[in-house]
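Visitor: In order, the protein sequence lines correspond to chains U, C, E and F. Here the first sequence is numbered in this note's numbering, starting from 1 and rising by one per residue. Here the second sequence is numbered in this note's numbering, starting from 1 and rising by one per residue. Here the third sequence is numbered in this note's numbering, starting from 1 and rising by one per residue. Here the fourth sequence is numbered in this note's numbering, starting from 1 and rising by one per residue.
Among the hints, a few may not be true.
Since the list gives no way to pick one copy over another, a pair counts as held whenever it fits inside one copy or between any two copies.
Taking lysine-lysine pairs in the DSS-like style, the calculated list, with each CA pair at most 27 Å apart, reads [to be verified]:
no., residue 1, residue 2
1, Lys350, Lys60
2, Lys185, Lys195
3, Lys350, Lys199
4, Lys198, Lys75
5, Lys256, Lys350
6, Lys199, Lys309
7, Lys350, Lys75
8, Lys319, Lys164
9, Lys256, Lys164
10, Lys199, Lys164
11, Lys195, Lys350
12, Lys309, Lys75
13, Lys195, Lys75
14, Lys199, Lys256
15, Lys350, Lys185
None of these hints come from the bench; they were simulated from the model.
Protein chains: 4
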Amino acid sequence: MAGNSFGTLLKLSTFGESHGMAIGGVLDGVPPGILLDMEAIQRDLDRRKPGQSALVTQRKEPDQVQLFSGIFEGKTTGTPIGFAIFNTNQKSQDYTHIADSYRPSHADYVYDQKYGFRDFRGGGRSSARETAARVVAGALAKQIIPSIQIQAYVSQVGNVCLDKSYLELDLTQTETNDVRCPDPKKAAEMESLIKSIKKEGDTIGGVIDCVIQGVPVGLGEPVFDKLHARLGSAMLSINAVKGFEYGSGFHGVTMKGSAHNDAYQTDGSTVTNHSGGVQGGISNGMDIYFRVAFKPVATLIQAYTTINKSGEVIETHGKGRHDPCVVPRAVPIVEAMAALVMADFSLIRKAQLNRTHEF
Amino acid sequence: MAGNSFGTLLKLSTFGESHGMAIGGVLDGVPPGILLDMEAIQRDLDRRKPGQSALVTQRKEPDQVQLFSGIFEGKTTGTPIGFAIFNTNQKSQDYTHIADSYRPSHADYVYDQKYGFRDFRGGGRSSARETAARVVAGALAKQIIPSIQIQAYVSQVGNVCLDKSYLELDLTQTETNDVRCPDPKKAAEMESLIKSIKKEGDTIGGVIDCVIQGVPVGLGEPVFDKLHARLGSAMLSINAVKGFEYGSGFHGVTMKGSAHNDAYQTDGSTVTNHSGGVQGGISNGMDIYFRVAFKPVATLIQAYTTINKSGEVIETHGKGRHDPCVVPRAVPIVEAMAALVMADFSLIRKAQLNRTHEF
Amino acid sequence: MAGNSFGTLLKLSTFGESHGMAIGGVLDGVPPGILLDMEAIQRDLDRRKPGQSALVTQRKEPDQVQLFSGIFEGKTTGTPIGFAIFNTNQKSQDYTHIADSYRPSHADYVYDQKYGFRDFRGGGRSSARETAARVVAGALAKQIIPSIQIQAYVSQVGNVCLDKSYLELDLTQTETNDVRCPDPKKAAEMESLIKSIKKEGDTIGGVIDCVIQGVPVGLGEPVFDKLHARLGSAMLSINAVKGFEYGSGFHGVTMKGSAHNDAYQTDGSTVTNHSGGVQGGISNGMDIYFRVAFKPVATLIQAYTTINKSGEVIETHGKGRHDPCVVPRAVPIVEAMAALVMADFSLIRKAQLNRTHEF
Amino acid sequence: MAGNSFGTLLKLSTFGESHGMAIGGVLDGVPPGILLDMEAIQRDLDRRKPGQSALVTQRKEPDQVQLFSGIFEGKTTGTPIGFAIFNTNQKSQDYTHIADSYRPSHADYVYDQKYGFRDFRGGGRSSARETAARVVAGALAKQIIPSIQIQAYVSQVGNVCLDKSYLELDLTQTETNDVRCPDPKKAAEMESLIKSIKKEGDTIGGVIDCVIQGVPVGLGEPVFDKLHARLGSAMLSINAVKGFEYGSGFHGVTMKGSAHNDAYQTDGSTVTNHSGGVQGGISNGMDIYFRVAFKPVATLIQAYTTINKSGEVIETHGKGRHDPCVVPRAVPIVEAMAALVMADFSLIRKAQLNRTHEF
């Protein structure tokens, strides 16, 4: 396997399986001298952790992170930050029934084909537990760019979706309910949908919207590393994600250019923001916003049919503790990946800032 | 600027401005011994080039590529292939009117902010002319993986969209019409829509679908370099792209897991393919398919209002030769970027193929 | 800071300070299915660890590695291997005297200048303790390429140097003495030199030779990633290294081409091996051999003069437990870095092996 | 093949064979707004080009570079600079005699083994002609860091070597003679040695010293990307290089720490400079100096014995126009690679410069 690293000047490398000893990583490129808010890191981890509400899996994982290096007297030193979350509450026996069979729409089959065998306990490396390392790194990245605000929220669960843009919502309400939807009425509808789906032993998909504010002009690199291409890549790398759109997105294709173009105001800001804060791959100082589609969780508690390693059809059903809908817990993951992208481009931007060649 | 390279073992680095001397690049990592089909490369370039139909810009660019290296007696040698397309028909005077003003929803403003000044002729590096280099590299990449078929087509222009999946379409019809839509009736509707939009001096968006067939199991790397994350990043890096979804995409979020999961057949294939050929970031042997949203072209021929460098409001209109809709010419670009991703992962896969550690 | 990653398909990212909580890393790209010899890893760590003989520092660090991930039922899974060595015997009080002063020829001054402050305990990230993570990764890398043998040994301490090439030595004798010199007589001379230097509170430099055997033809990439360039970079990245030469090295410059050229035998092997097993940056199947120069350790126990942060001259002397000569403990580090390079190129080679383009 | 790219924020990708259509590359990451001195680029190319004196090969290659992109109104735009030198004077017939045989100590054999066949004309990609692209990029890199001076010179040819350090030499004399040695007397000896070697149809090796002055404190990254490790890698990637040492180098191993350590002066500078301007992998503001060993050129005009593809012994001799000693022409190549390293680290340094996390 390769592909366990992310970023250019701010580079995250992660490791860990769901039921291994630990999940963790190395974050290289954090600038020196940042007085770390350790509680903010744990707070983001707690937003992601299982067992936090009736809507999510009832696994109890304390998810306490240990930072091994790169910090001295409370401040970052500029050296890499190694970290790990030790696994404490794994129930591997819940998974022995899948050791020889392939759960539909899971990574079980392709891992066996690619690697010859797999660590089947809890999905091994393909488990969404891997994202805990991303949340730690993202929480650190947020502290590199304190003037940039990144806020994600659930905008859709199944067919229940917000009919307002982020500009009409009060995003301070996001964390007031278990779904993480800033509209309390819609949140209640989503919550009741998830509960009824859970009762069926079934699952449901959803959408997370993310808004990034306070972005200076000039982040992002034209051509292959466009700001939105890196954001898209970051989001699509999160488990269960099926789609990404920014600004006007898929809806924008139906518009005429005369309606879609964002007219400039005299200060360089724009009247509308169909561009979603990015033009030619570079931030233009307006709000960046994008949407991320998550499929329904593949693991069902209800009975289903599948095949085993010998290609025989078997009947089985999910055991263990699984989420009926992934989006409430995925909100901090979306923010974390966004923070890693924005902090990396901020560092790259600094390398370019002196336009003259005087060093 | 950075970000002008793409890929890991198959690495493309490009250069070139719209009205500079040449557009080109270096493709490193092409395996040795491939007998190149030079006409296939030119054919893809011709599909992208302006002036090929009444639907697209009437600029005449011969777009003839020269391969400088990496080929001996018709075969690739394993050394990097340098190439260039010399610019021959640039009318830079068409652009002097924008030297001091910012076209709405273009990269003009952010380039000036990021770099301090810009090559305004034809949009410089931000011009879609840059994609000609991608098409050359993609046409080479296709020849690295001859058993994988990549076919893109236009599925939507404005509100005119296909109501059939690729399985119900005859993709051999794609190149029979100027829109590059495999459904002749819909193609005619799209064509007439584009023509009427053009008459208004306006532009319109569209969607390109892409299908990849003949993919072996095991391409793609879990975690950050998931196959669909790299495909998404590749597509989002193309000019004017606003969104990417694969398999069930944004529609899948409304489904229950019991309906969305792809049941296995005894040979490891699946009955449905909501996964879009990718599970856990790794190809599962089923068809890969995805959709790419393109916004309406920003350059309008009709009059519009904008600001100049001094922040003054000015009234102007587009000059020169511009596309009213980008998708017909973007079909080979989508294919090219897909080919670069698939060929790169194929090479990485070969490095992993011996599961035992005997070398 | 950046630069804490090494490798392309086999990628090591490390973290850790001398007196922090732990030293460790992530090794990504290990092929699946390797039955790991855990004792071999610990054995290499023990060869590097302090306190193993009278010649080296008397610090007692158990240096026991924990592998966190990437292993299932004793075999590698193909997922990244996270690991750490927890620090247990740090005496940070030995370093408070240098918190405000700069030890000559150490990294103290440049760290303060570059990062604004530093973790002064034990040298922080600049400590050679960082190399423990390299040894773990190198011991894993050796197991990826079992048919390639990598053997390093001490060939020079101060002015005492071997007058034989590796072909005239019995390399099985290397580990029989504390200096790690395969010639017992020279080893004794070196040992006595180190002891007398130590008595003076002074230090001395040395040279490590390394031989790599069983290398197939074709490893290494022409141009910037020549096999010897990557080996050189790997060696020069080890603390205290001042020079690298391979094959005929610096001596070769005095030779005529007619004497230096290695004549081919009919099987493609060569009569002489001034090339050191590498031609045009690519292994030619002959033994690879190179030499690495280490400067005398900078930390002196004897009194010396230096400056403090305020630029005032102070008189001081080294405290704590330091090596009088670094080369005996650096032998496994040289081997480890060589193993990382050879395993990485072996994986890259596999990606290229099918010369035809059939996948 | 891979490995044709070099650098992180300043990234060079090259292409080209000795007797192909062109040699060239793409230099990505050049900051915008640099008013380019085009003559300085050509001047460095002229220093490398063949036929410039009686000491070097009499091939006539005008080596005129064309810059394709990244420049507007004489200034860099921040976009990648594509460039090529078209080959005009290739005499491929000089090489047909080696199409089926392997020149000793050349890359012929390993290329055939690695790639299955090779472009034998002039050595193809393994020819030192490849370095012309490095010289172009290096000349551009020098203009990114005008306050840093990079001066290389020949310090040894065969057994004739300078007995003075760079501090005792007048480096303005380097270009006054054909050998590029700043000591006129030694230069004359070297010149006469090369001429007599040439008369024998033989070749001889040499050493190039390089001094880098005006370097700010703080360039280079600890651990794997130490400043001297990147310089060493850069030098070892040049054709015919066998060794690299910096500061006290191999000689330093014989010194005691008490003599080797560089005592600080109150301003942070050091009395001696055995460190060679680098401590812990980071520049300390003192002069950087290093030495690069070049083997004797492998191509002999005199008769020699070798094997052909069928493994049969054949007698042959060199044809064409070859250098009897590579070092006079390699001086600008050493400078170019040094400039690429220093400019890349300068850009990385800028990303780190604000020690506080305010952006």
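Visitor: Could you check the structure against the hints above and give me the numbers of any it violates, in ascending order?
Guide: 1, 3, 4, 5, 6, 8, 10, 11, 13 and 15
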